[in-house]
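Residue numbers (our numbering), protein chains in the order written: chain A, 1 to 114; chain B, 1 to 112.
Hints in this document: simulated from the structure, not taken from any laboratory. Every value quoted in this text rests on a predicted model; they were computed, and no experiment measured them.
List time: in silico DSSO-like cross-link candidates among lysine-lysine, alpha-carbon distance up to 30 Å: (1) A/Lys49 with B/Lys71; (2) B/Lys9 with B/Lys71; (3) A/Lys101 with B/Lys71; (4) B/Lys9 with A/Lys61; (5) B/Lys57 with A/Lys101; (6) B/Lys57 with B/Lys14; (7) A/Lys68 with A/Lys49; (8) A/Lys101 with B/Lys9; (9) A/Lys101 with A/Lys61; (10) A/Lys61 with A/Lys49; (11) B/Lys57 with B/Lys71; (12) A/Lys49 with B/Lys57; (13) B/Lys9 with B/Lys57; (14) A/Lys101 with A/Lys49; (15) B/Lys9 with A/Lys49; (16) A/Lys101 with A/Lys68.
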Amino acid sequence: AQSVTQPDIHITVSEGASLELRCNYSYGATPYLFWYVQSPGQGLQLLLKYFSGDTLVQGIKGFEAEFKRSQSSFNLRKPSVHWSDAAEYFCAVVPRSNDYKLSFGAGTTVTVRA
Amino acid sequence: NAGVTQTPKFQVLKTGQSMTLQCAQDMNHNSMYWYRQDPGMGLRLIYYSASEGTTDKGEVPNGYNVSRLNKREFSLRLESAAPSQTSVYFCASSEYGRQPQHFGDGTRLSIL
Chain A
1 AQSVTQPDIH
11 ITVSEGASLE
21 LRCNYSYGAT
31 PYLFWYVQSP
41 GQGLQLLLKY
51 FSGDTLVQGI
61 KGFEAEFKRS
71 QSSFNLRKPS
81 VHWSDAAEYF
91 CAVVPRSNDY
101 KLSFGAGTTV
111 TVRA
Chain B
1 NAGVTQTPKF
11 QVLKTGQSMT
21 LQCAQDMNHN
31 SMYWYRQDPG
41 MGLRLIYYSA
51 SEGTTDKGEV
61 PNGYNVSRLN
71 KREFSLRLES
81 AAPSQTSVYF
91 CASSEYGRQP
101 QHFGDGTRLS
111 IL
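The following block holds chain A by itself, in its conformation from the complex (with noise of 0.2 Å):
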């Protein structure tokens, strides 16, 4: 069955330390891969997508997120994390048959510790 998944529910980090969040991918053929964030309270807003080309995608907010083929994953990544990076990061998928349908995963809550 098609599926995508974050394993990891909740991540704490200390302001200034680096993020990584892990996003796996089960489809019969590479989809198209979207990372998007909610803010408390407010609706999602696209930080990146990958359709094809160069592996390493580079984002809004200065998130960048690498397609690793032979993984199935999807990793979102952030150099350096600010307070305001704090909230719910969500992982999505579409098919390449039909874009219209895409599918999130459960989420990531990510915490930032000054």
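We have chain A; now place chain B onto it with these hints.
Just chain B, lined up with the frame of chain A:
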């Protein structure tokens, strides 16, 4: 610069009542979406509208109906609300054939 506007922001219903959630976007996007968000489950697609005049079922359409009133507006209706429909509902929009790019701030719906 409103983007995607959802109304109401909060609503409490009794089981069996009906309710329509409104969504409007001002970005001239063709595609619009309705999602529900439940703890530990991410967002799940209820219905989407690829373009004005078309609607299609998503992952969890049962108990819901939608109307794409015009290019700007996409409403979600609960005909007979059930406690299992307690959730946060998000509307989103995007350019035609693209994934949701802009989300509203959500409608928090409780059904007693």
